[in-house]
Amino acid sequence: MQDDSLSPNNVTFVSVLSASSHAGLIEAGWQHFYSMHQNYNLTPEVVHYSCMVDLLGRGGHLKEATDFIDSMPIQPDASVWRALLGGCRVYFNIELARPVFEKLIELEPLNIGNYILLSNIYVGAGLWDEVYELRMEIKEKNLTKPPGISWILIKGQVHAFSARDGLHPQSKKMHTNLSVLTNFTKEHGYVPDLCWVLQD
643 MQDDSLSPNN VTFVSVLSAS SHAGLIEAGW QHFYSMHQNY NLTPEVVHYS
693 CMVDLLGRGG HLKEATDFID SMPIQPDASV WRALLGGCRV YFNIELARPV
743 FEKLIELEPL NIGNYILLSN IYVGAGLWDE VYELRMEIKE KNLTKPPGIS
793 WILIKGQVHA FSARDGLHPQ SKKMHTNLSV LTNFTKEHGY VPDLCWVLQD
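Here our numbering is used: the first residue of the sequence shown is 643, the next is one more, and so on.
No lab work stands behind these hints: they were computed from the structure. Nothing here was measured: the structure is a model prediction, and the numbers come from that model. Treat the hints with caution; some may be incorrect.
In silico PhoX-like cross-links for lysine-lysine, where the CA-CA straight-line distance does not exceed 25 Å [claimed, not checked]:
id : residue 1 : residue 2
1  : K797      : K815
2  : K828      : K814
3  : K745      : K797
4  : K745      : K781
5  : K815      : K828
6  : K745      : K783
7  : K705      : K745
8  : K797      : K814
Label-pair restraints from in silico Cβ distances [said to hold, decoys possible]:
id : residue 1 : residue 2 : range
9  : V833      : P715      : 17 to 23 Å
10 : N784      : L823      : 18 to 24 Å
11 : G766      : A805      : 20 to 26 Å
12 : T827      : A661      : 25 to 31 Å
13 : V656      : I780      : 41 to 47 Å
14 : S649      : E669      : 20 to 26 Å
15 : I780      : P741      : 18 to 24 Å
16 : R777      : S813      : 25 to 31 Å
A virtual CB, placed ideally from N, CA and C, is assigned to each residue, including glycine.
Construct all of the structure, not just a fragment, from the sequences and the given hints.
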């Protein structure tokens, strides 16, 4: 892009910072973040700060991420706090997760995704009593998660389905094929990571 004399904009930097985060390139992420203002006269927006918190959280720099949030010149929104909670999930940092979750609930009291993220942290840490309490809170608040929908294109036709719906006309055949594939992968050494699966 720079070779073609094109200047990046705020959207470009969201992509670059997100890519740095997912690749674990912390130093590069910092360089890009600072270059927004220094080299391109762009003012970072809350989404850029969120990307930086995600970058630091994924890299295990949770204290640095917290300090970064505290130093933000703009008010952190839910995306910033959720990025930090995501870092807590990766490193099972319960101590930090709880106050971060409380901040999220202040901003988005009905967002079930925040509850699920904290629940996943508890599951990963083996805190089953806390998982149960959180699930009861979700139930009391009557929060529901809309089912995820998947689409697949087969011979020019789009097929949509969600988990356990059984409504697709070929769902029986699909489940049979899925069972065959599951057995095949297990026979060849695949072991699924079930640490995030809730068990009643």
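Cross-check of the supplied hints:
With a CA separation close to 17 Å, the supplied pair K797 and K815 stays within the 25 Å bound. Restraint check: the Cα-Cα separation between K828 and K814 comes to about 21 Å, which is no more than 25 Å; the hinted pair holds. Between the alpha carbons of K745 and K797 the distance comes to roughly 47 Å, so the proposed pair goes past 25 Å and is violated. For the proposed pair K745 and K781, the alpha carbon gap of about 20 Å is at most 25 Å, so the pair holds.
The hinted pair formed by K815 and K828 meets the criterion: a straight-line CA distance of about 20 Å does not exceed 25 Å. For the hint pairing K745 with K783, the CA-to-CA distance comes to about 18 Å; that is within 25 Å, so the pair holds. With a CA separation close to 16 Å, the supplied pair K705 and K745 stays within the 25 Å bound. With a CA separation close to 19 Å, the supplied pair K797 and K814 stays within the 25 Å bound.
The beta-carbon spacing between V833 and P715, approximately 47 Å, falls outside the hinted interval of 17 to 23 Å. With their beta carbons about 37 Å apart, N784 and L823 fall outside the hinted range of 18 to 24 Å. At roughly 21 Å, the beta carbons of G766 and A805 sit within the given window of 20 to 26 Å. Checking the proposed 25 to 31 Å range against T827 and A661 shows it holds: the Cβ atoms sit about 30 Å from each other.
Roughly 31 Å separates the CB atoms of V656 and I780, a value that falls outside the hinted 41 to 47 Å. A hinted range of 20 to 26 Å holds for the C-beta pair S649 and E669, which are about 23 Å apart. Judged by the Cβ atoms, the range 18 to 24 Å given for I780 and P741 holds: they are separated by roughly 19 Å. One distance hint, 25 to 31 Å for the beta-carbon pair R777 and S813, holds here, with the actual separation near 28 Å.
Figure legend: structure checked against the earlier numbered hints; hints not met, in rising order: 3, 9, 10 and 13.
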